[in-house]
Amino acid sequence: MVSAFRRRSLSKTQAGYAITELVVSTAIFSSISLGLLMGFTSLERNYVATSDFSLNHADEMRISDYMAMDLRRAIAVQPAENDTTILIPAYYDQTGTPQTPALDSQGGVFYGASGSSVRIHYYLMAGTIYRQQDSAPAQPLAVNVQDFVFDVTDAGKVVTTRITFNPTFNSGGASAAATTATAFYNTTLLRNSRTDIQSSVY
Amino acid sequence: MRRQDSTKTGSVLVWTVLVIAMLSLIAVETLRLVTAKYQNALQTSTWQEALLAAESGIDLAIVELRKSLYPSPNQAWESWGNPPGNEVTSHELTTVPNAGLSGTPMTIEAYVDAPSQLIDPTNSWQYYRIRTVGTIPITGPARASDNPQDTKLRRLSLHWERFTSGLLLPQHIDKPQVSRRIEAIVRPVSSFDQAIMSVGVVDLTNQNIVVDSYDSTDPTKSTNGLYDPAKRQQNGDIATDGQLIEAGNAQIYGDVATNAGTVSGAANITGIERTDFYQEPIPVGAPSWSTWNSSPSLVTGTTTINADATKGSAASRYTLSSISLSGNKTLTVAGNPNGSQTYIEIYVTGDISVSGTGQIVVQPGVTATIYFAGNVDISGNGVLNSNNQPSDLMLYGIQPPTDTSEHVSIGGNSQITASVYAPGHDVTVNGGGTNGHVYGSVVGKTVTMTGVSNLHYDERLGATGVVNNYKIVSWFEDNR
Numbered sequence: 007m008v009s010a011f012r013r014r015s016l017s018k019t020q021a022g023y024a025i026t027e028l029v030v031s032t033a034i035f036s037s038i039s040l041g042l043l044m045g046f047t048s049l050e051r052n053y054v055a056t057s058d059f060s061l062n063h064a065d066e067m068r069i070s071d072y073m074a075m076d077l078r079r080a081i082a083v084q085p086a087e088n089d090t091t092i093l094i095p096a097y098y099d100q101t102g103t104p105q106t107p108a109l110d111s112q113g114g115v116f117y118g119a120s121g122s123s124v125r126i127h128y129y130l131m132a133g134t135i136y137r138q139q140d141s142a143p144a145q146p147l148a149v150n151v152q153d154f155v156f157d158v159t160d161a162g163k164v165v166t167t168r169i170t171f172n173p174t175f176n177s178g179g180a181s182a183a184a185t186t187a188t189a190f191y192n193t194t195l196l197r198n199s200r201t202d203i204q205s206s207v208y
Numbered sequence: 042m043r044r045q046d047s048t049k050t051g052s053v054l055v056w057t058v059l060v061i062a063m064l065s066l067i068a069v070e071t072l073r074l075v076t077a078k079y080q081n082a083l084q085t086s087t088w089q090e091a092l093l094a095a096e097s098g099i100d101l102a103i104v105e106l107r108k109s110l111y112p113s114p115n116q117a118w119e120s121w122g123n124p125p126g127n128e129v130t131s132h133e134l135t136t137v138p139n140a141g142l143s144g145t146p147m148t149i150e151a152y153v154d155a156p157s158q159l160i161d162p163t164n165s166w167q168y169y170r171i172r173t174v175g176t177i178p179i180t181g182p183a184r185a186s187d188n189p190q191d192t193k194l195r196r197l198s199l200h201w202e203r204f205t206s207g208l209l210l211p212q213h214i215d216k217p218q219v220s221r222r223i224e225a226i227v228r229p230v231s232s233f234d235q236a237i238m239s240v241g242v243v244d245l246t247n248q249n250i251v252v253d254s255y256d257s258t259d260p261t262k263s264t265n266g267l268y269d270p271a272k273r274q275q276n277g278d279i280a281t282d283g284q285l286i287e288a289g290n291a292q293i294y295g296d297v298a299t300n301a302g303t304v305s306g307a308a309n310i311t312g313i314e315r316t317d318f319y320q321e322p323i324p325v326g327a328p329s330w331s332t333w334n335s336s337p338s339l340v341t342g343t344t345t346i347n348a349d350a351t352k353g354s355a356a357s358r359y360t361l362s363s364i365s366l367s368g369n370k371t372l373t374v375a376g377n378p379n380g381s382q383t384y385i386e387i388y389v390t391g392d393i394s395v396s397g398t399g400q401i402v403v404q405p406g407v408t409a410t411i412y413f414a415g416n417v418d419i420s421g422n423g424v425l426n427s428n429n430q431p432s433d434l435m436l437y438g439i440q441p442p443t444d445t446s447e448h449v450s451i452g453g454n455s456q457i458t459a460s461v462y463a464p465g466h467d468v469t470v471n472g473g474g475t476n477g478h479v480y481g482s483v484v485g486k487t488v489t490m491t492g493v494s495n496l497h498y499d500e501r502l503g504a505t506g507v508v509n510n511y512k513i514v515s516w517f518e519d520n521r
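For the protein sequence lines, the chains are G and W, in the order given. 7 is the number of the first residue of the first sequence in our numbering; add one for each residue after it. 42 is the number of the first residue of the second sequence in our numbering; add one for each residue after it.
Among the clues, some could well be false.
To give an idea of the chain G side of the interface with chain W (calculated C-beta under 7 angstroms), a few residues [claimed, not checked]:
id : residue
1  : Ala-64
2  : Arg-79
3  : Arg-197
Straight-line alpha carbon distances no greater than 25 angstroms define the calculated SDA-like cross-link-like pairs of lysine to any residue that follow [claimed, not checked]:
id : chain 1 : residue 1 : chain 2 : residue 2
4  : W       : Lys-193   : G       : Ser-141
5  : W       : Lys-512   : G       : Gln-112
6  : W       : Lys-193   : G       : Asp-89
7  : W       : Lys-262   : G       : Thr-201
8  : G       : Lys-163   : W       : Phe-318
9  : W       : Lys-193   : G       : Ala-142
10 : W       : Lys-78    : G       : Asn-172
11 : W       : Lys-193   : W       : Thr-163
12 : W       : Lys-193   : G       : Leu-61
13 : W       : Lys-352   : W       : Asn-164
14 : W       : Lys-512   : G       : Thr-201
15 : G       : Lys-163   : W       : Lys-78
16 : G       : Lys-163   : W       : Ala-307
17 : W       : Lys-193   : G       : Ser-57
18 : W       : Lys-262   : G       : Gln-112
19 : W       : Lys-193   : G       : Ala-189
20 : G       : Lys-163   : W       : Trp-88
Quick caveat, the hints were computed from the structure, so don't treat them as lab data. Bear in mind that the values here come from a model prediction, so they are computed numbers and not experimental data. Every residue, glycine too, gets a C-beta built ideally from N, C-alpha and C.
Build the full structure now, drawing on both the sequences and the hints.
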């Protein structure tokens, strides 16, 4: 009797407790899962935004460094927003070997043929910023950058470049202030005398 | 009961392991991303520092070139192996400890040569080619950037050095580094690169002076090689290595520059006013001729000395203890009767004095260069430069001993056409009165202009005379 009663009692107790346990555990599991899902989703979005910011910043530095390198050796600059042309000396011959410089009748230095130069063209097209040297294939400096803007301020002996992008921390889009805060400035002193402007400074 | 506890414990353990695993994955990915970006930033910084190293090499080479302009002994090129020449390259390797990030050393290699293609045919001036390589070690692993575009721009030497011995000869290296290479061409700068230049004060006060320029070699900027007010140019620049230019509201068609100083009376300056003029004029040493014309050795009366068609010939080099002319005494510097080009060099070890109706006459076709060690006082009829070209009468003041005060005072009843370079002398130009004109350029320890109403700088002087400095005229980074 005792053992049969206990078996029945235990069976009832165990069955009832299992239902309650199921409901409670399901609720707890759902809450925890929802919390974890929201947490991980937030973490992932934050990670993507941070990664995106980091990549964009690296792109800014690369574009800026490329332009600064070409501006330092520039002999002429034609600035425009998202479309800038820089002329540099024709230092290399067709095989890529440096040429010996020579003097023109005015005491100016040139490489290759007198008056020759190499045209470097920076431009933004279809979400990619390109650098093209003469007629060679354009080289993409940064891809998937629909929101990039670069502009150039020509002050004669110095040229300032400014590059901005829209950060993606806010799903509603970046504010103007947030975009401005990403500005990457580079002021470059042009080492060569310019052929496109006259100035007593040179 | 033991089995139930065991089951619950297992459930918590699974959750714990799962959460830890996911957090670990996030942490690893974050660490990977941050590490890559940190390395990228580090390599970018090192790449920038290598440019500073390469440009420092250009500065080191220009320092040696400037030293070579000083009178001997000047210690130029002492540690460079040999002076640069055509197909002769001077080389210097400098290591600056603790100059880079994290205390890494900065290595600067500089190569200087003087190709024959870089000789200016108009004045035989030699331009120099300077090639430098700046190298900084990369602190961190020899790992390329995760973006191939970075690799194309910032060419790192992770296992192979790109520039070895100044050439593109890859050489295995044990530690990663960045090397950047620059080629610069420097050209000589004339001692007459400005209308007026001084070590100290430039004083133009109270004279209402007009300073402008012309180019005697350019018919659009002169007429028959002479100054034409209708073709006035605005390169009558005035500069001092000191702190003060007293412009006295002079009408200056050009720039004015001081060494972090001030310009007073600057209301009528057409150009710009700068404060970044740092140029110590190179002192002039006594000529070191091995032979010269020994007669005369002194000029006190009417005398004729002859120029020669060959520049630098012993026959046209004179050493005089002094020149002293007064009354109707005349020193005639004679050239060919047909006026063809001739040259003469005169070294006066003492003073030059011309007064009253005394006069120095430089005949047509003669280009005269006069070195003087003492004082110069020219007044009265003064100096007649028959060519009317300031480049044909150049006066160089030999640097006086330290703590010695010497002067140059040039004036006369008519116009003055000459160039004066005397950075150790106090120079006063006082010619011509209210309608007087001075054509040329003046360099002195101090420069004072009084009784002069017009100074016209001949831009041609910028390519003549002794070399006083070197200036970068071409710059290129070799980023292969």
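Structure-based check of each hint:
1. Look at Ala-64 (chain G): its Cβ gets to within about 6 angstroms of chain W, closer than 7 angstroms, so that hint holds up.
2. Hint status for Arg-79 (chain G) relative to chain W: holds, with the closest Cβ pair at about 5 angstroms, below 7 angstroms.
3. With a least beta-carbon distance of about 3 angstroms to chain W, the hint placing Arg-197 (chain G) at the interface is held under the 7 angstroms criterion.
4. Straight-line distance between C-alpha atoms of Lys-193 (chain W) and Ser-141 (chain G) comes to about 19 angstroms, which keeps the hinted pair within the 25 angstroms bound.
5. Proposed proximity of Lys-512 (chain W) and Gln-112 (chain G) is supported: the alpha carbons are some 15 angstroms apart, at most 25 angstroms.
6. A C-alpha spacing of about 21 angstroms is found between Lys-193 (chain W) and Asp-89 (chain G), which places the hinted pair at or below 25 angstroms, so the restraint holds.
7. Annotation: proposed proximity of Lys-262 (chain W) to Thr-201 (chain G) holds, straight-line Cα distance about 20 angstroms (limit 25 angstroms).
8. The straight-line distance between the Cα atoms of Lys-163 (chain G) and Phe-318 (chain W) is roughly 16 angstroms, inside the 25 angstroms bound, and the hint therefore holds.
9. Distance hint between Lys-193 (chain W) and Ala-142 (chain G) is fulfilled; the C-alpha atoms sit about 15 angstroms from each other, no more than 25 angstroms.
10. Distance hint between Lys-78 (chain W) and Asn-172 (chain G) is fulfilled; the C-alpha atoms sit about 19 angstroms from each other, no more than 25 angstroms.
11. A threshold of 25 angstroms between alpha carbons decides the hint, and for Lys-193 (chain W) with Thr-163 (chain W) the separation of about 42 angstroms lies outside it, so the pair is violated.
12. Among the hinted pairs, Lys-193 (chain W) with Leu-61 (chain G) is consistent with the structure: their alpha-carbon atoms are about 17 angstroms apart, no more than 25 angstroms.
13. Pair hint Lys-352 (chain W) plus Asn-164 (chain W) holds up; C-alpha atoms about 13 angstroms apart against a cutoff of 25 angstroms.
14. For the hint linking Lys-512 (chain W) to Thr-201 (chain G), the alpha-carbon distance of about 17 angstroms falls within 25 angstroms, and the restraint holds.
15. This hinted pair does not check out: Lys-163 (chain G) and Lys-78 (chain W) have alpha carbons roughly 33 angstroms apart, beyond 25 angstroms.
16. Simply put, Lys-163 (chain G) and Ala-307 (chain W) have alpha-carbon atoms about 24 angstroms apart, close enough for the 25 angstroms limit, and the pair holds.
17. Using a Cα cut-off of 25 angstroms, the hinted pair Lys-193 (chain W) and Ser-57 (chain G) holds, with the two alpha carbons roughly 22 angstroms apart.
18. A hinted pair counts as satisfied when its Cα atoms are at most 25 angstroms apart, and Lys-262 (chain W) with Gln-112 (chain G) qualifies at roughly 15 angstroms.
19. Between the alpha carbons of Lys-193 (chain W) and Ala-189 (chain G) the distance comes to roughly 24 angstroms, so the proposed pair stays at or under 25 angstroms and holds.
20. Distance check on the hinted pair: Lys-163 (chain G) and Trp-88 (chain W) sit about 24 angstroms apart at the alpha-carbon level, within 25 angstroms; holds.
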